[in-house]
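Visitor: Chain by chain, the residues run as shown.
There are 2 protein chains.
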Amino acid sequence: MRRPRFTPLVEAIPATVPFVAPDALLRRGHRIEVRLGANESAFGVAPRAAEAMARAVPHQNWYADPESFELRAKLAGLLGVTEQHLLVGSGIDDLLGLVVRCFVAPGEVAVMARGSYPTFAYHVVGHGGLVEAVPYRDDAVDLEALAEAATRRRARVVYLANPDNPSGSWHTPQSVEALVERLPADCLLLLDEAYLEFAPRAPELSADDPRVLRVRTFSKLYGMAGARIGYAVGPPEIVATFHKVRLHFGVNGVAQAGALAALDDVAFATSVIAEVARGRQAYAALGRELGLPTLPSATNFVLFDVGGAARARALLDALLAEGIFIRMPGAPPLDRAVRVTVGTADERARFASALRGMRADGRLAALGAG
Amino acid sequence: MRRPRFTPLVEAIPATVPFVAPDALLRRGHRIEVRLGANESAFGVAPRAAEAMARAVPHQNWYADPESFELRAKLAGLLGVTEQHLLVGSGIDDLLGLVVRCFVAPGEVAVMARGSYPTFAYHVVGHGGLVEAVPYRDDAVDLEALAEAATRRRARVVYLANPDNPSGSWHTPQSVEALVERLPADCLLLLDEAYLEFAPRAPELSADDPRVLRVRTFSKLYGMAGARIGYAVGPPEIVATFHKVRLHFGVNGVAQAGALAALDDVAFATSVIAEVARGRQAYAALGRELGLPTLPSATNFVLFDVGGAARARALLDALLAEGIFIRMPGAPPLDRAVRVTVGTADERARFASALRGMRADGRLAALGAG
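Same order as they appear, the protein sequences are chains A and B.
First residue of the first sequence: 12, per this note's numbering; consecutive thereafter.
First residue of the second sequence: 12, per this note's numbering; consecutive thereafter.
To be clear, the hints were calculated from the coordinates, so they are not data collected in a lab.
If you're wondering where the values come from, they're calculated on a predicted model, not measured in any experiment.
One or more hints might be untrue.
Where chains are identical, the list cannot tell them apart; a pair therefore holds if satisfied intra-copy or between any two copies.
Quick list of in silico lysine to any residue cross-link-like pairs, SDA-like style, CA-CA up to 20 Å [what the hints assert, rightly or not]:
hint: 1; residue 1: 255; residue 2: 321
hint: 2; residue 1: 255; residue 2: 117
hint: 3; residue 1: 85; residue 2: 279
hint: 4; residue 1: 85; residue 2: 247
hint: 5; residue 1: 255; residue 2: 26
hint: 6; residue 1: 85; residue 2: 275
hint: 7; residue 1: 255; residue 2: 116
hint: 8; residue 1: 255; residue 2: 141
hint: 9; residue 1: 255; residue 2: 30
hint: 10; residue 1: 255; residue 2: 341
hint: 11; residue 1: 255; residue 2: 142
hint: 12; residue 1: 255; residue 2: 28
hint: 13; residue 1: 85; residue 2: 347
hint: 14; residue 1: 255; residue 2: 95
hint: 15; residue 1: 85; residue 2: 34
hint: 16; residue 1: 255; residue 2: 128
hint: 17; residue 1: 85; residue 2: 278
hint: 18; residue 1: 255; residue 2: 129
hint: 19; residue 1: 85; residue 2: 62
Kindly produce the complete structure, drawing on both the sequences and the hints.
Guide: As structure tokens, then:
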């Protein structure tokens, strides 16, 4: 029987979901008491943002500003760019999709590190593009391999998360700036800076460089993951092109109010950065104590090397059975590790206690053996 | 100089914006005291939704459920369908884009009424499709013309807003059901029911019919336009395909909490529907009084026939100068009218007073003459 049919491109895409959400785990009967799997901020919503969001609620009968003008003006001042260099979207995921849609035609190639943030690859596949994934090197993104693959495959976009998720690794400003010079002139560097604030410093790239677009979020540092708001910084020509196709009334008004206020919450942001640094050190000490070495991290999460994918999966399952939600990288070589978000001191203690219990009764040594 | 280039499809799209937002008017120095231009609800956010949204704010450091499971389960019960028949998106605009992306390949055709909700056409153009627009007939969507054009152009999708925006017109369930039968078997009827609750009744189409997808919103009746949340109801096969490409973490958590609670706010919804009906009658009486006949409306807005596009534009500008924001349809024949959202009794009085003042000093008669 004839019936409405999907486009050939969409029809050919396999069914995948980038992440299994904690909510889905709960619906499968799991109990989650300590939520350290999604790199959410354990330190809550920035208080000024929370106040502003609550104040905005009664006004949600009105459409929000589709240009997010106030937020862009504020960001422009903070970043030393103009409003025309900025686009606000419903989180980085939304912006990644927009970049792919605008730069990667069906059959064209985008390059990324194999195992890095899967939502970028999800969008490339979803728009009919091809993903060229290059292996991590020394558990970090291999910038030379990115540049080599971009040249070899005539890539339209190179995706670099810096700091990277899930590796937690970070490249210096000089290295990122050198990468830009090594890329083909017609290849865009899409720099995902979701975890920027937890890293030592940011690259000093020009927002007018036609080869670079950066995306950032309020999800992590400001504790607004549920609000879905982030922004892109780059040359006005690119931003103007996004306006031709983007969802204009897409960003929630409560989120816009919260993001604007969050930027004033400097004391909170400073305290979260300090607490995350303390938590990383605590995790590193825990890893040494238990013989599960941690990898260096410039983010709000840490990888514990468990020694193999089967062992990592078993540890993840064992912790979930105790109400502790963590995740693990999806691809070698990092799938030998589990990824643990920096929690509050209390959450870290719960996690440490669970691991020590598993060591004490022999479960940690026997991981993945069954 | 070589530089990153956009896809040929995106490069070729003209720069357009579906709507100039009230916020943009404010930035141009206009003052808006009475906001009757965007068909927002004058009756505020549903109280239960507002409470739930405020309660949700402190939890926004967590990602929201990407499956909107609770909301879908609640809707499924109310609508007599399963969760697999439902998809939640960031408002109808988001869902329209998804439908176009999944059904209209570049170069393929979508059919709509000329002058109907422009965001649908925006998405068709944005995905490289072609819009075949058929004229209104007797100031209502011409269902026969839609069917004829769909057959002639081998359209992939026919868009029907029922009730329609901006005409306010409405077709009976029987007429819509008959339209489905007249469409080519491989053409999807995309039924935009944003204003459904203000109409006499809804078509009783099966949610399993592979030829029909309906989209609905919390923006209007429940006063949640700023929250950006709506849903699609249709066959599980279509919903499953959307999951392959949609933005999984796109819907704000505050909005999800609000929408879930709004569905319990039956008394509020009933009162808004009654108040909107009263307001439409008051507008009709005002139109008779002033010699500006109103068109029948099954929505929360009313068209006042001003007798020509230049006059309509002049009236719109004159009212804006008095702090009253309204809009006008963008295409003939309806651009002879202005579109006024049903406001509160107080807002309606402000609007009526401004019009009466313009009649008294001769400006109403002279509209567009200069």
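Visitor: Now look at each hint and say whether the structure bears it out.
Guide: The hints, checked one at a time:
| no. | hint | in the structure |
| --- | --- | --- |
| 1 | 255 / 321 | neither (47 Å within a copy, 28 Å between copies) |
| 2 | 255 / 117 | both (19 Å within a copy, 16 Å between copies) |
| 3 | 85 / 279 | within (18 Å within a copy, 37 Å between copies) |
| 4 | 85 / 247 | within (17 Å within a copy, 43 Å between copies) |
| 5 | 255 / 26 | between (29 Å within a copy, 5 Å between copies) |
| 6 | 85 / 275 | within (10 Å within a copy, 38 Å between copies) |
| 7 | 255 / 116 | both (16 Å within a copy, 18 Å between copies) |
| 8 | 255 / 141 | between (24 Å within a copy, 16 Å between copies) |
| 9 | 255 / 30 | between (30 Å within a copy, 13 Å between copies) |
| 10 | 255 / 341 | between (35 Å within a copy, 19 Å between copies) |
| 11 | 255 / 142 | between (25 Å within a copy, 16 Å between copies) |
| 12 | 255 / 28 | between (28 Å within a copy, 7 Å between copies) |
| 13 | 85 / 347 | neither (42 Å within a copy, 41 Å between copies) |
| 14 | 255 / 95 | within (14 Å within a copy, 33 Å between copies) |
| 15 | 85 / 34 | between (34 Å within a copy, 16 Å between copies) |
| 16 | 255 / 128 | between (27 Å within a copy, 17 Å between copies) |
| 17 | 85 / 278 | within (18 Å within a copy, 41 Å between copies) |
| 18 | 255 / 129 | between (26 Å within a copy, 14 Å between copies) |
| 19 | 85 / 62 | within (18 Å within a copy, 29 Å between copies) |
This entry does not satisfy hints 1 and 13, going by the numbered hints stated previously.
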